[in-house]
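**Q** Spelled out, the chains give:
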Amino acid sequence: MTRLTDDIIIRAVARIMIPFIQLYALYVIMHGHHSPGGGFQGGVILGASFILYLITHGLEEARARMSELKAGIFSASGLLIYSGIGLLCLILGSNFLNYGSLSLILKVIPAQARSLGILGVEIGVGITVMAVMFSIFFDISTGGIIPEDKEIKEENG
Amino acid sequence: MGLFFLVLLCLYRGVFGPGVLNRVAAISAIGTKTLVILLIMGYIYQRVDMFVDISMVYALLNFIGTITVAKYLEMSGEI
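First to last, the protein sequences are chains A and H. Residues in the first sequence are numbered from 1 upward in steps of one, following my numbering. Residues in the second sequence are numbered from 1 upward in steps of one, following my numbering.
Think of the hints as simulated: they come from the structure by calculation, not from any bench. Check each hint, because a few of them may be wrong.
[Unchecked claim] Examples of chain H residues lying across from chain A (beta carbon under 7 Å, computed):
(1) 47
(2) 50
(3) 53
(4) 54
(5) 68
Glycine included, C-beta positions come from ideal geometry on N, C-alpha and C.
Required output: the full structure, derived from the provided sequences and hints.
**A** Shown next as structure tokens:
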């Protein structure tokens with residue numbers, strides 16, 4: 001599942017399509033409160049673009065772009081953005097994720113603060129979903145065994 | 001209504017079709033027809049701008065799913 005494809009057509013099509021997929025994913029995340037979509041759906045599309053890269057370009061190139069360590073860091077940092085905004089609202093003296101109180105920091109009216117706050121939360125959710133989807137696909141497709149690790153283990157013993 | 005009939009024909013090919021390739025092609029065709037049905041639904045409900053987003057995601061996941069299945073079949077030596 002993770003070796004390099006032989007077909008040049010699939011590689012070329014994927015290389016052309018991946019930027020547009022990611023741009024569309026960002027649109028879905030940003031435009032989530034006017035149209036269907038939001039953090040989770042945009043994150044799924046963003047993760048699908050990385051999965052497409054892993055399928056078409058093989059394991060080594062995909063690990064250079066997005067390794068499992070980076071996926072773990074991204075998932076944790078997305079959750080940190082989400083809960084950080086929630087805790088910021090809590091510190092400012094209102095309920096958890098009550099974005100209206102962010103207007104004290106952002107110097108805008110509460111309605112704009114709500115819009116910006118929910119955008120930040122959706123960005124955090126999108127990053128987490130993208131990293132977790134990629135990580136799940138990575139683990140399933142390699143079976144938890146990465147070829148480099150196997151070679152190192154064979155050399156050692 | 002013709003599209004629903006065509007989806008049923010593709011579903012028959014997907015369930016009883018001889019071989020794996022026929023099934024993959026049938027499922028991909030069902031995905032494409034679902035996209036058109038979604039757009040027509042958007043036209044009926046007067047909200048095409050929302051249904052275009054959904055149908056684009058549907059087409060995208062259909063494409064990635066077909067490539068993944070094809071690569072899996074190639075790796076497992078079925079073809």
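**Q** Hint by hint, work out which the structure violates, then give me just those numbers in ascending order.
**A** Result: hint 1 breaks, nothing else.
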